[in-house]
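S.K.: Residue numbers (my numbering), protein chains in the order written: chain A, 1 to 424; chain B, 1 to 317.
No lab work stands behind these hints: they were computed from the structure. Note that the structure is a prediction, hence the values are computed from the model and not measured. Among these hints, one or two may not hold up.
Under the rule of at most 27 Å between Cα atoms (straight-line distance), these lysine-lysine pairs were calculated in the DSS-like manner [stated by the list, open to error]:
hint, chain 1, residue 1, chain 2, residue 2
1, B, 299, A, 149
2, A, 221, A, 242
3, A, 221, A, 237
4, A, 221, A, 349
5, A, 349, B, 299
6, B, 299, A, 242
Simulated restraints, written as ranges between beta carbons of each label pair [as the list claims (entries may be wrong)]:
hint, chain 1, residue 1, chain 2, residue 2, range
7, B, 191, A, 151, 29 to 37 Å
8, A, 362, B, 115, 46 to 54 Å
9, A, 150, B, 232, 27 to 35 Å
10, B, 188, A, 67, 52 to 60 Å
11, B, 195, A, 17, 20 to 28 Å
12, B, 133, A, 31, 49 to 57 Å
13, B, 302, A, 208, 42 to 50 Å
14, A, 5, B, 133, 53 to 61 Å
15, B, 89, A, 221, 35 to 43 Å
16, B, 175, A, 150, 23 to 31 Å
Where is the CB? At the ideal position from N, CA and C, for every residue including glycine.
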Amino acid sequence: MTKIHEPLFHLAKNSNVNPRRKWALRGIVFVISFFVCAIVSVGLTGKGMDYFFKYFFEGLFGSERNAWNLFHETAILLLIALAVTPCFKMKFWNIGGEGQVLMGCLGCAVAINFMGGKVSDAATIIVSIILAIAFSTVWAVIPALFKAKWNTNETLLTLMMNYIAVCLVNFFIKSVATSGTGILVFSNGVVGSIFGNEFVLKIIVVAVLTTLMAIYLKFSKHGYELTVVGESPNTAKYVGIKTKAVIIRTLVLCGVLCGIAGFLLISATNHSINDTSVGGRGFVGVLISWLGQFNPIFMAIMSFLVVFIERGSNALANGGISLGESYPSIMTGIFFFFIIAVEFFVNYKFVFREDLQAKIDLCTAKIKGVFSKKKQVEEIENSNKASDSVSEEIVEEAVEESAVTVEENEEIPSTEDVEEKEGK
Amino acid sequence: MFVALITQAIRFSAVFLYGSTGETIIEKSGHLNLGIPGIMCFGAVGGCLGANMAYNAGMSNFMTILIAIIFAMLFGGAMGLLYGWFTITLRCNQNVTGLTITTFGAGVFGFWVTLMGEQGVRFYRASRAFTAPMFGEVGSDWFSTMFLSHGTLVYVAIIIAVIAAIVLKKTRTGLSLTAVGENPAAADAAGIKVIKYKYVSCVLGAAISGIGGAFYLLDCTRGSLEPGVIEGMGWLAVALVIFSLWRPGIGIFGSFIFGLLYIAPNYINGVDFATKEILKIIPYAVTVVVLIVISLFNKRETQPPAALGLSYFREDR
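Bound conformation, chain B alone (with noise of 0.2 Å):
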């Protein structure tokens, strides 16, 4: 049972790490995006648009996997985008936005479960290229059933998180990005441009985002829709940015405690369903925790993004 609970563990994992590295990349250059779980939602639909059109096509479980990928990237993309130029060219509250986002997005995906409900569209084939083993039929002793047993896109998300990683704590472009979310203003001086790291980080952690949710639903649920529940998550995600002090890194483990007390509760027997609530609230407090602890110690190290929250404008004073 140990070793099923730490499989499943790190299988959820991936959602919360596809989510919280986007944002991590997001909040770097200083916007507070709210609306992750819409935008998660808006990749899981464009994510099973992809996969079940390269099912019926025929494609290889390689080419179903890359176009999922690509369809979640863009419909994720595209609320980033929208998410951008409200508050990066229009200078709108990034609170307010990103709020209206997660309505949006919460609304788009209940309405298309539904719609897809109506129609009679089913997943679960074309999820089967997501959930086989990346490394194929492995041995079952408790290393690679823990392991290498799980579907291509959970390593992908390790993949992501480390590049992102290491492009933000060792690159020119990481350490301009991270000027630009503590002073745009001295960014811009230094000859950064501003609106385009921004305009980049916010799409493309919007993308990476999108994939988390196409992932929950090709993989985590094998292709049968809960409307609902991506947007719970998405704000997990959120909490796993603070949670790993914002570094992708540091998400990598978050993201395993965070997928191990999500799924916990249902591989815990003998406790009433009082109880089990009592459990689910354990991430957000630790979360809560996290926050408080780095803002007692106050070591900038350990800090939001400076700007985090604030509309760049050029000519303010």
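Chain A with its partners taken away, still in its complex shape (with noise of 0.2 Å):
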């Protein structure tokens, strides 16, 4: 008879974990990911761990203003992870918030420059939301369109897309600022402050959409034909759901979003243009969504955790010792590789080989049983404590009974026992 090889362990699915344990386990990971940002910054500087905790939270909660900015950064990007989601939930793989919400900017902008100080402010903002949602729902749709039609590849052409739409904002922009640093800078027909507070309206205006998309996901027939068509294709045939008309739907949807976005960024928040004005929170979006499980309040913590970082670390590199613009990005991408790399321990489980499966159960029966008898030790102690008047001998006494269940736990349990267990 030839001896089968069977490996020490495999990997199976792990479909049903506690969803509390998930979070638990992705909270420990938080941590752990902004000590290692730590210990890497005080590699960097030279410093030590005070300098690091120091510039980190001032940047965050020093003034009054920082603390609006962390919250309204959170809230611009919430809504760009926002806008992609839908596309995500039916493995619409748009990667292409980047240009469409750059021009939902160019609308704003194409807007504003050629009305602006001409007619009425409110007239401006209203044909600027106007043009900024056209401009990316135009963006947004172009690739659901051939999606929907040829079944072209919807990941190459955003990405592709996004580039086209930086050409496009910097030919406006030389085209009408002929001699210029590539920033174009308004003064008319922007929305200015609220109540005195210019960061409130955008908070508020995320914060409504962002409970609107919740129900949209969760409670709507839209939402519910959008799930099926990204579980199973087949399914959503056969049942009768228009594939290519919730394809080109939820793109819309995508593109509105976008171009409020980009309309916030512009008229709201910078009051220019440039290349560079959303700054790469398109792709972070993407992350975003994707690692807030498209659950819109995951979503909203996820954003706000990479947005702490981001700016905390913004703040050090520009504190005491220049670090430069790039080490926001330093930081950003290791938060990432951790919380990426914890999905794994979620959503796979080790499945061990029989008998080290049998030892494994063994040790932690062992570890069990000693913390458990601790415990009982501990309760009598305190109970004696209580009483006042019971001698240490029990207690001695409870120890060496600890000692001799342990060895008693030694049998190895049967597969039973284990099954037992798993089911619990």
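Two chains, two frames, some hints: make the complex.
M.R.: What follows is the structure, given as structure tokens:
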């Protein structure tokens, strides 16, 4: 008889994990990644931990303006992530968020450039919203049309369209300001501050849109349809969902949200446009959407964490020792590596070879036995202290007892036991 | 002027060719690596460090180039290994991992450029080994200037692309790699070591792309450090893979066209800046057209690898 070699362990999909455990794991990993960022920063600056924490947290919460900035950056990032989420749920890999938002910026800038100062500000703002939405919707629908009609690879198409958008923005800037630095600044026809605060508007808009999107994805027929198209195109076909219409409809929605994001960026935040107005937020939005499990609430948490790392390290880079503009990218990169890697440990589990599994069970049983006995001992001790009259002998006896039970536990647990444990 | 234009186009085409050959090898194994821009940035850092070290040690031109290549491949390959570990072993989403690598790589490159600027490290002298013509002094006629006056790495790029084309098209290894990219489950059933193929192609492809970044800094810019440019060239390299229909052989000509389109705006006089911006769209627009046309005809030979972007898990049904 030939002996079959069985590997020590293999992987299996872990379908039913307690969501609370998942998020606990993610939380732990976030803390670890934060400390890795801290250690890297300490290594690069050559200063102590206190230096890192001082500049990091001062940049985040040092002044009222910094704190507002933290939340409003989160809002913008979340909005872009929200825009691409329905596409991803449909398994339409739209990595063109950058280009779509930039086209929104362009639409907004065109309106402000030609109308600002000539008509009333209100009219300019309305037209700029409409143009922003129109531009980015066109940009989002083009790949959808080709995907629906000829099944063109949408990942590569949207990626290319990002760069065409960059070139178009540069073309617009150069043709309006023939001799300039590549930045077009607006003074008229932009959204200023509301209630004396320039940040509140964006946060409110994004909060409302997040709620609406959560409802749309979870409770509406549209949201259900696009999930079905994503999970199983054949099922969608058999139950009579018009796949092509769903794809185009979803990308229109994405375009509208990107347009709003572009409008908020140009008219309500920067008051200027250049080819880096979106500044990579389109790509980060893709990451956030995926890492937030396409759930708007989780995405909000995730975008807050990203902005937390980014703004904190930005403050650090501009603090006592100049580390350059690229420093925050390194930190966010490290953060994302950790968060991506944790997905594996959430989604898969190791299944060990039977004899190895038995050994592991034994070890855990031992450890558990020791701990539970220790607990018992502690309880006894506490009760003793409370009653204040029992000698130490009983405690010692308890300890001896624990040793005995551990020995008893050394028997290899039967497979039934193991199954029972797994069932629990 | 025409001769100068073609000469420069061939020179710049090598950057795209390194990037696209590497990315083609990776994509053939079913992995869409959007981290190529970041990997090229990493390769640039490695190449410059290696070249500077070899130059300071007083080594000959040949050794300087060799050590720079090895360093660029090590740095690029390390990122490829990281990408492979995330997407092959940990089965993470490829787009997400790739974009993270691009963010990280561009960040490290930018940081390194700042650091070098502060420390006053310059690479002009080390870069002379790279810009020196491979065939020594050649005549000044148009043919010699266009085709024989380049640095060594331009020819290395073409050689690598030709080898990659032959391996992919003519050998059993290439066939197996294609099988892994088209249908990993079938390849696995046929006894091909899928995981091994995926890892080797991810690391090797990234290492080749890494040389591209080093080449750009040490040859095209003659050692002056420009942050941000390599990233854009990396995206063009990804576009070139589509343009060349996943064939390194076509990639040689495609990279020439991309190189021409990339530098042409600098050689055109009498047009304003705005028109030049429109000219920059052409490489991307052409790629979009190619992408749409291949999906329109839907011919099997010209499609992307069928399993592109999907993680392979043996126990999936």
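S.K.: Please go over all the hints and tell whether each is borne out by the structure.
M.R.: So, going through the hints one by one against the coordinates:
1. B/299 / A/149: holds (16 Å)
2. A/221 / A/242: Satisfied, since the Cα-Cα distance of roughly 13 Å is no more than 27 Å.
3. A/221 / A/237: holds (16 Å)
4. A/221 / A/349: violated (34 Å)
5. A/349 / B/299: violated (40 Å)
6. B/299 / A/242: holds (26 Å)
7. B/191 / A/151: 29 to 37 Å: holds (32 Å)
8. A/362 / B/115: 46 to 54 Å: holds (52 Å)
9. A/150 / B/232: 27 to 35 Å: holds (28 Å)
10. B/188 / A/67: 52 to 60 Å: Roughly 53 Å apart at Cβ, these two residues keep to the hinted range, so it holds.
11. B/195 / A/17: 20 to 28 Å: holds (25 Å)
12. B/133 / A/31: 49 to 57 Å: holds (55 Å)
13. B/302 / A/208: 42 to 50 Å: Given range 42 to 50 Å: holds, Cβ gap about 46 Å.
14. A/5 / B/133: 53 to 61 Å: Holds, since residue 5 of chain A and residue 133 of chain B (Cβ atoms, about 57 Å apart) stay within the stated range.
15. B/89 / A/221: 35 to 43 Å: holds (40 Å)
16. B/175 / A/150: 23 to 31 Å: Holds, at about 28 Å.
In the structure shown, a violation is registered for the earlier hints numbered 4 and 5, in ascending order.
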